[in-house]
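Let the sequences and hints guide you as you build the complete structure.
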Amino acid sequence: MRLSQAFVPTVKEIPADATIPSHQLMIRAGMVRALAAGVYVFLPLAQKVLARVMRIVREEMDAIGGQELLLPSLSPIELWEQTGRVKAFGDTLFHVKNRPLVLAPTHEEVVCWLARNHISSYKEMPQIWYQIQTKFRNEPRPRSGVLRGRQFLMKDSYSLDRSREGLDRAYDLHAGAYKRIFTRCGIRFFIVGASSGAMGGTGSQEFMMESPSGEDVIALSEDGTYAANLEVATSIVPAAVRVPGGTAIEEVHTPGVKTIDALSAFLKVDTRCLAKSVVYRAGDAHVLVLMMGNDSLNESKLMAVLGTDVRPLEAEKLRELTGADGGSIGPVGLRGFTILADNRLKGANGLISGANRNDYHLRNIDLERDCAIGGYHDLRTVEEGEPSPNGGGNLRIVRGIELGHIFKLGTKYADALGAMFLDENGKESPVIMGSYGIGIERIVACHIEQNHDDNGIVWDRALAPYDVHLIAVSARSAQVTEAAEALYGELGRSGVDVLFDDRKETSPGFKFKDADLLGMPYQVIVGEKNLAAGKIEIKERKTGTRTLVPKADLVATIQNLLS
RNA sequence: CGGGGCGUAGCUCAGCCCGGUAGAGCGCUUGGUUUGGGACCAAGAAGUCGCAGGUUCGAAUCCUGUCGCCCCGACCA
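Terminal number for the first sequence in the working numbering: 1014, no gaps in between.
Be aware that a few hints might be false.
[Claimed, not checked] Subject to a maximum C-alpha distance of 30 Å in a straight line, what follows is the list of computed BS3-like cross-link-like pairs (lysine-lysine):
| no. | residue 1 | residue 2 |
| --- | --- | --- |
| 1 | K1002 | K964 |
| 2 | K990 | K1002 |
| 3 | K548 | K863 |
| 4 | K993 | K980 |
It should be emphasised that the hints constitute simulated quantities derived from the structure, not laboratory data.
This is how it looks when you write it as structure tokens:
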């Protein structure tokens, strides 16, 4: 492609609305333009990159027996009502105003509908169906360029199996394919155990890339053998002790003491003797959760235990129910609440907690003796530096971008939509499903996040829109133009994908800056002086290394570098 | 949904506090000079100041409403 004719609107200045490197560079390199919040136009350069990503994805999906299909984006709202996901998605689901249709945010329902109508025997499974298509989600807050849009490309695959073992196999096949896909795309990633959240199901892993721009928080062990989303991460922390010969509860006056730190300082005791009360509303119920000392409650874990959404209880409601304010709440004699406690407090005594009376606390609380604990669960958020549960060293807490997510869905959707089959014994069972997604734009953005420098993008060969950026330094020189034109033709004929900067009126500096910004793996620079000596310059974008090769060897050298 | 910020030329922004006929740089057009790291000179084109209402002799500027966009948080299948 000739740059003089290409639509690659590069910009020199950093766009005001872009805050992360990939977003800034995708705009500056003329790859995307925002049409509306979270909605992007993909320009020719970006389209070429997307095509390369999709090709890799298709190859790897086909390699595990996946069959590509094309599903509609419009889908009858009735299907979504049957699985309860109109409610589950809430405002995130785009509704069509003048027909009972929704814009599909994912396609489990449609796949299940297909399976219901066309899979009736165990002999017809396993199946892996996949699609690479636009999905629509009315995100409350689109952000970070193409990383979270309201419309985005997703490779989604769905496995249909007749047994749990079959599902495990499909899941493992996908995990393997995903590793190969991200590796081939030149992305350094890691895999974390994740919460399956509102998708439902039994098992789930996320493929993540470490990035300060990420929206997820991950605990990683030092040796990298443990990685889990903070929503489910655990660590090794000492449990509370049970002291022999418990003494009776006694009330202590603690004027103005509202925090664990203040209480610890006031009573001159270790924070581990303190049981912090956190109060939530879970549907119509009220829940008090006891945490040790300054441990912070993990809302995701709490939601998983309760199986429902939670939100902090309003201050007024709290006072109405307990007669006290936050900071003075405790489990003893409390009515109207379900009381849960973190595992760390299991069987503890000698604890101090709120007295449900402002400015008073109780000491010598024995959870077994004095409280009606509704259950002990892991409800704690792990912290930086705590030992990894698998002995892989201490935990680091990092931010990450989710590139892919694989789920063992089970029969949730098949049950809801009646996708049944007859097994070997003629018995009817629901189809067992898995679902496996990859964000296509995210691969592109993440690749740029990991591969750029101050001057621009540094494409990996696998994703680069072109292999070579050919520059005619001074396009007014007849010799340079002639030589560059000849090389453009030769490279093209030998199968090298070339972007040719043949612009006549553009200064050399401008061309070099554009070439670095666009980031093709190799720049072939045709300049007057080198040409006079029969030489052509090759610059490797990644390292900045420049080599001069005889003009006659240029094509062979490039072919060599690319192979 | 809570908090904060911003809408002025294609882009980046000034002007707004303190009302008085719309500005700069980059980009674009034309002519000329220039050509190894985002050139120079000259002449030009280009903006309903997001939109609506109000106050005023007069509004980019003050007031009200509204829409859009960005950031932090919440949410994130």
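Practice item. Compare the structure with the hints numbered earlier in the document and write down the numbers of the violated ones, lowest to highest. Key: Every hint satisfied by this model.
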